[in-house]
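Here the structure of chain A is known, so what remains is to put chain B in place on it, guided by the hints.
Chain order of the listed sequences is A and B. With the working numbering, letter number 57 in the first sequence gets 68, and the count goes up by one each step, no holes. With the working numbering, letter number 102 in the second sequence gets 118, and the count goes up by one each step, no holes.
Derived from the structure by calculation, the hints contain no laboratory data. Virtual Cβ for every residue (Gly too), placed ideally from N, Cα, C. Wrong hints could be hidden among the right ones.
Here are the simulated lysine-lysine pairs, BS3-like style, with alpha carbons at most 25 Å apart [said to hold, decoys possible]: (1) A/Lys113 with B/Lys94; (2) A/Lys66 with A/Lys81; (3) B/Lys87 with B/Lys31; (4) A/Lys118 with B/Lys27; (5) A/Lys118 with A/Lys89; (6) A/Lys118 with A/Lys84; (7) B/Lys78 with A/Lys113; (8) A/Lys113 with A/Lys66; (9) A/Lys84 with A/Lys66; (10) B/Lys87 with A/Lys113; (11) B/Lys31 with B/Lys94; (12) A/Lys113 with A/Lys84.
Label pairs and their calculated CB-CB ranges [what the hints assert, rightly or not]: (13) A/Arg74 with B/Lys94: 34 to 44 Å; (14) A/Pro126 with B/Arg80: 38 to 48 Å; (15) A/Phe75 with B/Ala113: 22 to 32 Å; (16) A/Ser23 with B/Lys87: 29 to 39 Å; (17) B/Thr117 with A/Gln94: 25 to 35 Å.
Next come the chains, spelled out residue by residue.
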Amino acid sequence: AQTVTQSQPEMSVQEAETVTLSCTYDTSESNYYLFWYKQPPSRQMILVIRQEAYKQQNATENRFSVNFQKAAKSFSLKISDSQLGDTAMYFCAFMTSGRDDKIIFGKGTRLHILP
Amino acid sequence: EAEVAQSPRYKITEKSQAVAFWCDPISGHATLYWYRQILGQGPELLVQFQDESVVDDSQLPKDRFSAERLKGVDSTLKIQPAELGDSAMYLCASSLAGRDTDTQYFGPGTRLTVL
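Extracted from the complex, chain A is given alone in its bound form (with noise of 0.2 Å):
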């Protein structure tokens, strides 16, 4: 079975910086996809970054990177220039590729971005 760990359960920082928010995975398949998602206070869940397992170059989006470690099974998510509208629960997923297979979630990374 699949598992996702996430092993800090809060962090802090200040406004500007950077901050990396650390997941492991296991699993014995070849070909999946990796997430973040974000989950702002009161406010619904979104996407805020995607992998797939094949490709070697790590996503990244505006702000947003990650450092994808296949062979270590890391997957972990850099904020740069940290923002107050970061503040939210993190979590990272897990999929199988192929239809209709389900994400898995980590437990969540409580972030909270200081002024």
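Quick look at chain B alone, frame taken from chain A:
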């Protein structure tokens, strides 16, 4: 921008009562998901629909939970009777066709408290 709608946003009930949650996915989205998110944890899939058909309900406690999507559009999740352990956030999500390349869009959720 189109969003997934859910109602009610909050529900307080007593144990042994029946509760129902409603979800309206983004127009044109064939795949609909119901997740349960216990406080401090990531979402866990309860049931997945492709149009009006159930694709995966392996994690749905069928003795008390039921879900339907009769016309393949909006959906209702019901709990009867509710138990204390059912207190959680119930999230609905939708995607275009359930392909692994399709992004899941989440609604704001219904927070259930069972007293």
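Evaluation of the provided hints:
no.	hint	verdict
1	A/Lys113 with B/Lys94	21 Å, holds
2	A/Lys66 with A/Lys81	10 Å, holds
3	B/Lys87 with B/Lys31	30 Å, violated
4	A/Lys118 with B/Lys27	24 Å, holds
5	A/Lys118 with A/Lys89	18 Å, holds
6	A/Lys118 with A/Lys84	17 Å, holds
7	B/Lys78 with A/Lys113	19 Å, holds
8	A/Lys113 with A/Lys66	21 Å, holds
9	A/Lys84 with A/Lys66	14 Å, holds
10	B/Lys87 with A/Lys113	23 Å, holds
11	B/Lys31 with B/Lys94	14 Å, holds
12	A/Lys113 with A/Lys84	19 Å, holds
13	A/Arg74 with B/Lys94: 34 to 44 Å	41 Å, holds
14	A/Pro126 with B/Arg80: 38 to 48 Å	45 Å, holds
15	A/Phe75 with B/Ala113: 22 to 32 Å	26 Å, holds
16	A/Ser23 with B/Lys87: 29 to 39 Å	47 Å, violated
17	B/Thr117 with A/Gln94: 25 to 35 Å	29 Å, holds
In terms of the numbered hints stated before, the structure departs from hints 3 and 16, listed from lowest to highest.
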